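Visitor: As a plain string of letters, each chain reads:
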Amino acid sequence: MPPETPVYTSYHPRWYRQRVSTYWWLGRWSYLVFILRELSSLAVAWVVLLTLLLVRAVSAGTDSYAEFVQWLKTPVVLALNAVALSFLVFHTITWFNAAPRAMGLRLGGRRVPERLVAVAHYAGWAAASALMAWMVLG
Amino acid sequence: MNRRPIEPLLWGLFSAGGTLTAFLLPFHVFLFLLAVPLGWLDDPGRNGLLALLRHPGTRLYLFALCSLGLFHWAHRFKYTLYDGLQIKHLNEIINTLCYGGAILGTLTAAWLLWAIP
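Going line by line, the protein sequences match chains A and B.
Under our numbering, think of the first position of the first sequence as 1, with each following residue one higher.
Under our numbering, think of the first position of the second sequence as 1001, with each following residue one higher.
Here chain A stands alone, though its shape is the one from the complex (with noise of 0.2 Å):
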């Protein structure tokens, strides 16, 4: 019969662990890519920075986003928000790409194709840009 009250030991035991190197990621290209794939979340926060910044400028008057759209067109932010799009591209190719795994869509109890699933995201991807644009410029 064991102790009705447990009897604890400080002792832990500790596995051998293999030290990574901090650049683990550089050592082959699909680590790379996924390291790259989750820095794509600071794109994200670039831009919602940047969007909430117009919506004060909008706010604060006529100088003030003139003086703004200013800023967006100098090199350097120019460059950066190139940079921003094509992480945010590759965000939205990767987060498309894994929706159908991560969804598990059944319909009539059978699987919805991963690639039809993956087609109605693109597809709704263009409907939500044209809407945009039209909202915008229309």
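Source of the hints: derived by calculation from the structure; they are not laboratory data.
Model, not experiment: these values are computed from the prediction.
Every clue listed holds true.
Keeping only pairs whose Cα atoms sit at most 20 Å apart, straight-line, the calculated SDA-like set for lysine to any residue is:
{"id": "1", "chain 1": "B", "residue 1": "1078", "chain 2": "A", "residue 2": "37"}
{"id": "2", "chain 1": "A", "residue 1": "73", "chain 2": "A", "residue 2": "83"}
{"id": "3", "chain 1": "B", "residue 1": "1088", "chain 2": "A", "residue 2": "15"}
Since the structure of chain A is provided, determine the placement of chain B on it from the hints.
Guide: Same frame as chain A, now just chain B:
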């Protein structure tokens, strides 16, 4: 394993933000941060944008985009730091900066969108 009850909520916000930003941000960036500044498209001007921003639907859209986008960033960037740089032992600082930043950004977005003249 982390078994904090808040964990599913954080994953949910990450996922919602990831989906929303995947659908909306690329064109949003192209339009406002590249095409207009580069002169490819006509600048809608301060008044045009103000009219758009005064619409409650636009404010709701921007609030969701900003808030969920920031929570997506917070969660993903936290794990990027954990895995990429192997600095999980700094988790308290990282959590504070990431989720704190997302909360602060959400409050700022709410305030800015509320205060539109």
